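Make the full structure from the sequences, and use the hints.
Residue numbers for the sequence shown follow UniProt numbering, so the first one is 1 and each next one is one higher.
Just so you know, not all the hints are guaranteed correct.
Each computed DMTMM-like pair below joins lysine to aspartate or glutamate, with the alpha-carbon atoms no more than 25 Å apart [to be verified]: (1) Lys185 <-> Glu146; (2) Lys162 <-> Asp143; (3) Lys268 <-> Asp10; (4) Lys251 <-> Glu294; (5) Lys251 <-> Asp227; (6) Lys82 <-> Asp27; (7) Lys162 <-> Asp152; (8) Lys161 <-> Glu196; (9) Lys185 <-> Asp144; (10) Lys268 <-> Glu333; (11) Lys288 <-> Glu165; (12) Lys161 <-> Asp356; (13) Lys251 <-> Asp144; (14) Lys268 <-> Glu363; (15) Lys180 <-> Asp366; (16) Lys161 <-> Asp143; (17) Lys268 <-> Asp359; (18) Lys251 <-> Asp72; (19) Lys82 <-> Glu109; (20) Lys268 <-> Asp366; (21) Lys237 <-> Asp212; (22) Lys268 <-> Asp212; (23) Lys258 <-> Glu146; (24) Lys178 <-> Glu196; (25) Lys288 <-> Asp144; (26) Lys288 <-> Glu233; (27) Lys180 <-> Asp143; (28) Lys360 <-> Asp168; (29) Lys185 <-> Asp366; (30) Lys98 <-> Asp127; (31) Lys268 <-> Asp127; (32) Lys251 <-> Asp229; (33) Lys185 <-> Glu336; (34) Lys97 <-> Glu131; (35) Lys180 <-> Asp168; (36) Lys258 <-> Asp366; (37) Lys180 <-> Asp356; (38) Lys237 <-> Asp207; (39) Lys178 <-> Glu294; (40) Lys323 <-> Asp227.
In case anyone wonders, no lab produced these hints; they're calculated from the structure. Note that the coordinates shown come from a computational prediction; the quantities given were computed from them, not determined experimentally.
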Amino acid sequence: MHDLIVFGEDFGGLPSSTQHLVSRLADSRKVVWVNSIGLRQPKLSFGDAKRAAYKLMGKSKAHYQPMAKANDNPNITIVNLKTIPAPASNFACSLAKKWMLSQLLPIIEQQQLQSPILWSSLPTAADLCGELNEAAVVYYCGDDFESLAGVDHHTVRSHEKKLVEKADLIFAASSNIKTKFPAQKTELLPHGVDVELFATPAPRAHDLPNGDRPIAGFYGSLSEWLDYDLVRELTAKMTDWDFVFIGPNEKNQLQLPKTDNLFYLGAKPHHLLPQYSQHWNVSLLPFKHNSQIEACSPLKLMEYLAANRPIVTTDFPALAPYKDHVQVANSAELMEQAIRQVQNDTPNTRPLVGQDSWDKRSEFVDRMLELL
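This is the structure in structure tokens:
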């Protein structure tokens, strides 16, 4: 049984696919989870300065100590490294590598990891491959990083190339992403869903709008991939509906329209999301059409399907297996028509994702890891 050294996003908050998988793998192994070491260099803004300071001081938004245990699994040790975010020059890369190793190697020794596998979900961990006495290297690619807004694409491309060369096994979250990597060592690993969480009836959230008005809702990061113009048009057209948006705002300023029928409720713990998605009339995916969405496979799509509410969405490739079960609309006019058409529907979409649980995904990963 291999223990794991994981380079992922900051642990906690809205869990990523990496966190869903590793939390389950940790039931039978030790995990040292290294919080995000960055995908871009900071710019001249307060938010970036704050994030850069956190990385330089070894802090994260979720944990303010250098090392901690995950609340729900004592096998997971969370580490915040002091580092240089997304180093670009050879000198910066060398400095960042030495700095991180000086902090990480004593922790790995202290945790007494058994034949650990280095698992990276971030290309910027490439320079640490081969330096941690790991038995093998796994690259889990859940996003097309070259298409992500707000990252240093040149730096990430360079790091990803090195990581792919060093990886013994690559997991790709979508077919589009899989085509980027060597076929002989790449496995398709689509996103899963916590079927039990989203299928179990949940009480109605107290901060959902009250009254007789129907509700269309979205949860997820409020970032570059949302079509804010579409949302603005839609809320202006449908003044008899309420629109609820849930999730962390990743823009410098909130881009959602300030209207009486739109309610921004902020970020919510993942386990509370069914209290919202089970009780609104329609689930929304108002994405922009861009290269990032072309390659993505949104976790929330699977969760929406498990919640058994009608789904209205803009078009993107990952919808293909579910197109007969969602309403696709690429304009405000068509989206309004679709929302009104399905508002009283009671779909039975849960069986579509019944075999796609994170438990089954992690069992597959576990089998693959034991072959390394």
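Hints, verified against the model:
no.	hint	verdict
1	Lys185 <-> Glu146	21 Å, holds
2	Lys162 <-> Asp143	17 Å, holds
3	Lys268 <-> Asp10	16 Å, holds
4	Lys251 <-> Glu294	21 Å, holds
5	Lys251 <-> Asp227	13 Å, holds
6	Lys82 <-> Asp27	28 Å, violated
7	Lys162 <-> Asp152	16 Å, holds
8	Lys161 <-> Glu196	38 Å, violated
9	Lys185 <-> Asp144	18 Å, holds
10	Lys268 <-> Glu333	30 Å, violated
11	Lys288 <-> Glu165	33 Å, violated
12	Lys161 <-> Asp356	30 Å, violated
13	Lys251 <-> Asp144	20 Å, holds
14	Lys268 <-> Glu363	28 Å, violated
15	Lys180 <-> Asp366	23 Å, holds
16	Lys161 <-> Asp143	15 Å, holds
17	Lys268 <-> Asp359	23 Å, holds
18	Lys251 <-> Asp72	30 Å, violated
19	Lys82 <-> Glu109	18 Å, holds
20	Lys268 <-> Asp366	30 Å, violated
21	Lys237 <-> Asp212	18 Å, holds
22	Lys268 <-> Asp212	24 Å, holds
23	Lys258 <-> Glu146	32 Å, violated
24	Lys178 <-> Glu196	29 Å, violated
25	Lys288 <-> Asp144	16 Å, holds
26	Lys288 <-> Glu233	14 Å, holds
27	Lys180 <-> Asp143	12 Å, holds
28	Lys360 <-> Asp168	22 Å, holds
29	Lys185 <-> Asp366	16 Å, holds
30	Lys98 <-> Asp127	10 Å, holds
31	Lys268 <-> Asp127	35 Å, violated
32	Lys251 <-> Asp229	15 Å, holds
33	Lys185 <-> Glu336	45 Å, violated
34	Lys97 <-> Glu131	9 Å, holds
35	Lys180 <-> Asp168	16 Å, holds
36	Lys258 <-> Asp366	47 Å, violated
37	Lys180 <-> Asp356	24 Å, holds
38	Lys237 <-> Asp207	24 Å, holds
39	Lys178 <-> Glu294	13 Å, holds
40	Lys323 <-> Asp227	20 Å, holds
Checked against the numbered hints above, the structure violates hints 6, 8, 10, 11, 12, 14, 18, 20, 23, 24, 31, 33, 36; every other hint is satisfied.
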